[in-house]
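Asks: Sequence:
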Amino acid sequence: MRFAISIVLGILALSVSGCGGNAGASPAQPIAFPHKLHADNQIDCAFCHEFYDRHAAAGIPRTELCGACHMAMPQESEATQKLMEYVDAEEPIPWVRLYKLPQFTYFPHKWHVRAGLSCETCHADIGQSMTAVRHQVLKMKWCIECHEQEQVSVDCVVCHK
1 MRFAISIVLG ILALSVSGCG GNAGASPAQP IAFPHKLHAD NQIDCAFCHE FYDRHAAAGI
61 PRTELCGACH MAMPQESEAT QKLMEYVDAE EPIPWVRLYK LPQFTYFPHK WHVRAGLSCE
121 TCHADIGQSM TAVRHQVLKM KWCIECHEQE QVSVDCVVCH K
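Residue numbers 1 to 161, in the working numbering, belong to the letters of the sequence shown in order.
Simulated from the structure, these hints should not be mistaken for lab results. Model, not experiment: these values are computed from the prediction. Take these hints with a grain of salt, some might be off.
Only pairs whose alpha carbons sit at most 25 Å apart, straight line, appear in this in silico DMTMM-like list of lysine to aspartate or glutamate [what the hints assert, rightly or not]:
{"#": "1", "residue 1": "K139", "residue 2": "D155"}
{"#": "2", "residue 1": "K141", "residue 2": "D125"}
{"#": "3", "residue 1": "K110", "residue 2": "E145"}
{"#": "4", "residue 1": "K82", "residue 2": "E120"}
{"#": "5", "residue 1": "K100", "residue 2": "E76"}
{"#": "6", "residue 1": "K161", "residue 2": "E145"}
{"#": "7", "residue 1": "K82", "residue 2": "E145"}
{"#": "8", "residue 1": "K100", "residue 2": "D155"}
{"#": "9", "residue 1": "K110", "residue 2": "E76"}
{"#": "10", "residue 1": "K161", "residue 2": "E64"}
{"#": "11", "residue 1": "K82", "residue 2": "D155"}
{"#": "12", "residue 1": "K139", "residue 2": "D125"}
{"#": "13", "residue 1": "K139", "residue 2": "E78"}
{"#": "14", "residue 1": "K141", "residue 2": "E78"}
{"#": "15", "residue 1": "K100", "residue 2": "D125"}
{"#": "16", "residue 1": "K110", "residue 2": "D155"}
{"#": "17", "residue 1": "K100", "residue 2": "E50"}
{"#": "18", "residue 1": "K82", "residue 2": "D44"}
{"#": "19", "residue 1": "K36", "residue 2": "D155"}
{"#": "20", "residue 1": "K139", "residue 2": "E76"}
{"#": "21", "residue 1": "K36", "residue 2": "E145"}
{"#": "22", "residue 1": "K100", "residue 2": "D44"}
{"#": "23", "residue 1": "K110", "residue 2": "E78"}
{"#": "24", "residue 1": "K110", "residue 2": "D53"}
{"#": "25", "residue 1": "K139", "residue 2": "E64"}
{"#": "26", "residue 1": "K36", "residue 2": "E76"}
{"#": "27", "residue 1": "K141", "residue 2": "E120"}
{"#": "28", "residue 1": "K100", "residue 2": "D88"}
{"#": "29", "residue 1": "K139", "residue 2": "E150"}
{"#": "30", "residue 1": "K82", "residue 2": "D53"}
{"#": "31", "residue 1": "K82", "residue 2": "D40"}
{"#": "32", "residue 1": "K161", "residue 2": "E148"}
{"#": "33", "residue 1": "K100", "residue 2": "E120"}
{"#": "34", "residue 1": "K110", "residue 2": "E90"}
{"#": "35", "residue 1": "K82", "residue 2": "E64"}
{"#": "36", "residue 1": "K110", "residue 2": "D88"}
{"#": "37", "residue 1": "K100", "residue 2": "E150"}
{"#": "38", "residue 1": "K161", "residue 2": "E150"}
{"#": "39", "residue 1": "K100", "residue 2": "E78"}
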């Protein structure tokens, strides 16, 4: 019994501890990715994050997808040159995840998109960022406040396995 209580308390501690990382943090990426330049060129989030409405995660763009656009462009910037090295080598770009939830947390990205939430609801003004920035600290309190505001279930099993 004590063991079970310890497990539950450990899970609760992790769930409110901000496992999603620090807001405003910019982990070092293999290539500087300017969301702003892409947004300013009218490239929709869904074009690069192609699984946003079909899977639990939106997905990180495939190297081939990046290369398909960038091959037709001048490759003057250091970032574009580095991108093309990955494209030519047919290697995935080792992007560093901005958000990482605990294994026991289930965040179905597709449900949120299908419910009509815009990317900005959770990712703030990432389209104005010149680097990939974590805009929200994904704490349980933040999620519950949104669920209550939107009148969505806050039952534990909705988000926890």
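Asks: Does E120 sit within 25 Å of K100, going by the straight-line distance between their CA atoms?
Replies: The given pair, whose Cα atoms are some 18 Å apart, holds under the 25 Å limit.
Asks: Does K36 pair with E76 here, judged by a C-alpha cut-off of 25 Å?
Replies: Since the Cα atoms of K36 and E76 sit roughly 18 Å apart, the hinted pair holds (cutoff 25 Å).
Asks: K82 and D44 were given as a pair; does the straight-line alpha-carbon distance stay at or below 25 Å?
Replies: Distance of about 23 Å is within 25 Å: holds.
Asks: If you draw a straight line from the CA of K139 to the CA of D125, is it 25 Å or shorter?
Replies: holds (19 Å)
Asks: Against the 25 Å threshold, does the CA-CA distance of K110 and D88 hold or violate the hint?
Replies: Not OK: K110 and D88 at ~32 Å, beyond 25 Å, violated.
Asks: Mind checking the alpha carbons of K110 and D53 for me, to see if they're no more than 25 Å apart?
Replies: With Cα atoms ~4 Å apart, K110 and D53 stay inside 25 Å; holds.
Asks: Keeping to a limit of 25 Å between CA atoms, is the pair of K139 and E76 held or broken?
Replies: Violated: K139 and E76 sit about 40 Å apart, past 25 Å.
Asks: K141 and E78: Cα distance at most 25 Å?
Replies: With a Cα-Cα distance of about 40 Å, the restraint between K141 and E78 is violated, given a limit of 25 Å.
Asks: When you check the alpha-carbon spacing of K161 and E64, does it fall within 25 Å?
Replies: violated (34 Å)
Asks: Taking 25 Å as the top limit, are the C-alpha atoms of K100 and D88 close enough?
Replies: Cα-Cα ~29 Å, so violated.
Asks: Does D40 sit within 25 Å of K82, going by the straight-line distance between their CA atoms?
Replies: Holds, at about 22 Å.
Asks: So if I understand the rule, the pair passes when the alpha-carbon distance is 25 Å or less; does K110 with E145 pass?
Replies: Given pair K110, E145 holds - Cα atoms ~19 Å apart, limit 25 Å.
Consistency with the previously given hints fails for numbers 4, 5, 7, 9, 10, 11, 13, 14, 19, 20, 21, 23, 25, 28, 30, 34, 36, 39, ordered from lowest to highest.
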